[in-house]
Amino acid sequence: MKLLPLTTFLSIIAAVAAHVPAGAHAVDVLRNLKGDSQGFKHVGADGIARSYDVRGRVIDSARLTRSQLFGVAKSASSEDERKHLQNLWANVDPSKVDDAQLWEPPRHVLPSRFVNPEQHAKKMVDAGVVESIAKAQYDARKKLQTRFDWCEDVKCGESWFCELFFLCGPCVELVEGVGHCMLLH
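Reading the sequence shown from the start, the letters are residues -18 to -1, 1 to 167 in mature numbering (1 follows the signal peptide of the UniProt record, and there is no 0).
Among the hints, a few may not be true.
[To be verified] Here are the simulated EDC-like pairs of lysine to aspartate or glutamate, each with C-alpha atoms no more than 16 angstroms apart in a straight line: (1) Lys56 to Asp121; (2) Lys104 to Glu134; (3) Lys65 to Glu158; (4) Lys105 to Asp42; (5) Lys16 to Asp42.
Source of the hints: derived by calculation from the structure; they are not laboratory data.
In this text the structure is predicted, and so the values were computed from the model without any measurement.
Using the sequences and the hints given, assemble the complete structure.
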């Protein structure tokens, strides 16, 4: 009985800490999620931003607002990807996602690397993630003198790759298994 007030207090603190300010940009929300250097961050079809560790466990999550989701869609690397994301999130209401689903997303929301690892590996190769490392490193070193805006052009699979080789923020996967490094501001 003595633990009830403490438990209630901790639940309230957790709920407040998990709340995403309505005015925050999605990039800030993603950047502020706890991360794993061998993991990655993903915005699911349910409008929830999740951070995964190297074993595929959710280590942090946040509900994004409609405007944040469309802000993410606007930052897509191609018009096709942008349209896909806008259609994907057109009727999504992250506020209605059950708390349990934040930590254990259903199969249709999982990143493709967990649903179909073979297809994910093929997409990583086809997208040139592995082969582009040397070129991206060269380009990054060349641009290092003047600016850090190359991050979003670097394709990635894990956050350590972005952070170590390119001085960027974490790897964020938006569509079909291929991530992009985030800007680090």
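* Given hint glutamate 158 paired with lysine 65 - CA-CA distance at most 16 angstroms -> 14 angstroms, holds
* **Given pair status - aspartate 42, lysine 16, alpha carbons within 16 angstroms** => Holds, at roughly 6 angstroms.
* Asked: For the pair supplied as a hint, lysine 56 and aspartate 121, is the alpha-carbon distance within the 16 angstroms limit?
  -> 25 angstroms, violated
* Sort out whether aspartate 42 lies within 16 angstroms of lysine 105, counting only the CA atoms. => 26 angstroms, violated
* Take a quick look at whether lysine 104 and glutamate 134 sit within 16 angstroms of each other, Cα to Cα. => Status violated; Cα separation ~21 angstroms.
Comparing the model with each earlier hint shows violations of hints 1, 2 and 4; every other hint is respected.
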